[in-house]
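Participant: Here is what each chain is made of, one letter per residue.
2 protein chains.
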Amino acid sequence: MEIMNEFDLIEKYFRPLAGPEALGLKDDAAILNVPKGFQLAVTSDTLGAGTHFLGNEKPEHIARKSLRVNLSDLAAMGAKPYAYQLCIAFPEKPKEAWIKKFSAALAADQKKFGIFCSGGDTTVTKGPLTISITAFGLVRENKAVKRSGAKPGDVLVITGPVGDALIGLRILQGKIKTKSVSCVAAYHNPVPRTGVSDIIRAHARAAIDISDGLIADVGHICETSNCAAHIDLQKIKFSKDAAGFIKKGTVKSADLLTGGDDYELALAVPPKNLPGLLKKLSEKGLKPQIIGKFAKGKPAVTVFNKGRKIRLGKGGWTHF
Amino acid sequence: MEIMNEFDLIEKYFRPLAGPEALGLKDDAAILNVPKGFQLAVTSDTLGAGTHFLGNEKPEHIARKSLRVNLSDLAAMGAKPYAYQLCIAFPEKPKEAWIKKFSAALAADQKKFGIFCSGGDTTVTKGPLTISITAFGLVRENKAVKRSGAKPGDVLVITGPVGDALIGLRILQGKIKTKSVSCVAAYHNPVPRTGVSDIIRAHARAAIDISDGLIADVGHICETSNCAAHIDLQKIKFSKDAAGFIKKGTVKSADLLTGGDDYELALAVPPKNLPGLLKKLSEKGLKPQIIGKFAKGKPAVTVFNKGRKIRLGKGGWTHF
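These protein sequence lines map, in sequence, to chains G and W. For the first sequence, my numbering begins at 1 and goes up steadily by one. For the second sequence, my numbering begins at 1 and goes up steadily by one.
One should not assume that every hint holds.
Which copy is meant is left open, so a pair is good if it fits within one copy or across any two.
Claimed, not checked - Taking lysine to aspartate or glutamate and the EDC-like style, the derived pairs with C-alpha atoms no more than 16 Å apart in a straight line are:
1) K26 to D212
2) K26 to E223
3) K306 to D232
4) K179 to D241
5) K143 to E21
I should point out that these hints are in silico values taken from the structure, not numbers from a laboratory.
The shape of chain G in the complex, shown without the other chains (with noise of 0.2 Å):
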């Protein structure tokens, strides 16, 4: 069934989504309130089918993703979501059975994540679906947990383990046959880290969510911190699934490391904060581990496995 128009669809399905801030969606602007001894956290991604997601995944998989990988990224900055931003180029005039999906989808994830849609905009070109989400998040004047405070000596600490959306993306791809799904739901359905911004800003230095693949998204804090990182292979706990894979010689360590779309958190933890740190997360059903340290040196990510250095080459890690 074909929706009407852009009115209709945004009355229909996007209106029931949106706070009072927004205006019932009928204004030109939404009016977002910032708390006194608040400031607020922005942040935007972009995801095209055939480049970000497959595209002949449920509506309810994008739209998950589509706004979860947004919500990382406030989690990375120890901000509480507040509301988004829902700007939508549609591939066709999209069908009414999808859109129903998509926003019932948001619906749960704004109950679940405490956030709104303050507004956005609708258009149809002769792409790819194309989803720009644009989200808030309240934080603490001067609180905000940046990539660039990690200093030499922080415990390099990660929230979860590594490399499961890659295998699940990599079984959708028809790459690896097995009948385990924990690493399909892991690419589909990304858990930001929202819930322990309280702990991350008390705690860590330092964040970054690791979306860009590990190693790099480590280097990203290197770079900004102007110091090095020290990872040691051997700490790395995989999931169940992701160690047996690669027991089996299915997927290599290395690919899991840099492959991306896993939206734990990189941190960089004062010492004297890390048993605090690890309890608090422990106690809120995460799983975090330590896995290397920062260090004086030129901004770059050294791998070590059992005290030698390694470095990716093609196919897998490599003896210096």
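Following the hints, position chain W against chain G.
Facilitator: Frame of chain G, contents of chain W only:
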């Protein structure tokens, strides 16, 4: 010349657009400050090649239009431009020369309108160039000018002539042959009325930008304010060029009132505020027009010609 990758592109051309709040575009999110006593107006517009612009425009035209359509929405709320997020889906690996001109035009507009880039995202899809901008404005607490404030008896004022952009589009499409360029400029380079936001806020009870066409947008004020609007066709002053085209029969006045892509504002003004409004807008170089009034009645826009109701039929006005 092909540019290297997304990071190089950001580094060379987009980082210089960033304000300090953008943290050098090097973090997961920007951190915006909303001063005490202010609220943040937020608006988004997505423009796609082949849908919202022809696609063969110069990069500077596309840059200006993408930003200014958003600034126009801020102006309609009585908000002062503050910052914007820039999301671009490129249709192919973008040419450096294109990006250079595009970013230079944004830099010039940032200076002109007192705004900076707070972040965004760039990606490449298989579709046409698609630009989503989310713009932020500051407005004094509870002073935003909404669509819903019009009352019967208010005067309907527009801040300048309508219809030039539609004529410009038809010239570019080859549907109108002329040597006149002013209408083409109106299409390419809309001028958002951000410079008069203080005046709008002080004098108008409701405002909207007329980018969807005068009749449709005044209709939006009627719907949200629950009143009628009467427009007097005789009172509408078209630009010299537009009047000439109407006289020659090249365009119909009805088309100009419904065409869209104009970025003047339509205002609902209490009669006592009218002299002050007209004087102050004129001092700012604008040519405001009183074109009708708001009245009791069902939310609808009625156009009168020499005292007789007329209505839009296929191809122009028809009498009831």
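Participant: Checking K143 and E21: alpha-carbon separation at most 16 Å within a copy, between copies, both or neither?
Facilitator: Answer is between: at 14 Å across copies they meet the 16 Å cutoff, but 25 Å inside does not.
Participant: Check K26 against E223 for me: Cα-Cα at most 16 Å, and say if that holds within a copy, between copies, both or neither.
Facilitator: For K26 and E223, the Cα distance is within 16 Å only across copies (9 Å; inside one copy 44 Å).
Participant: With identical chains treated as interchangeable, where does the CA-CA distance between K306 and D232 reach 16 Å or less: within a copy, between copies, both, or neither?
Facilitator: within (8 Å within a copy, 84 Å between copies)
Participant: Should K179 paired with D241 be assigned to within, between, both, or neither, using CA atoms and 16 Å as the limit?
Facilitator: Result: close within a single copy only, 11 Å intra versus 69 Å inter.
Participant: Since the copies are identical, ignore which copy is meant and state whether K26 and D212 lie within 16 Å (CA to CA) inside a copy, between copies, both or neither.
Facilitator: between (37 Å within a copy, 14 Å between copies)
Checked against the numbered hints above, the structure violates none of them.
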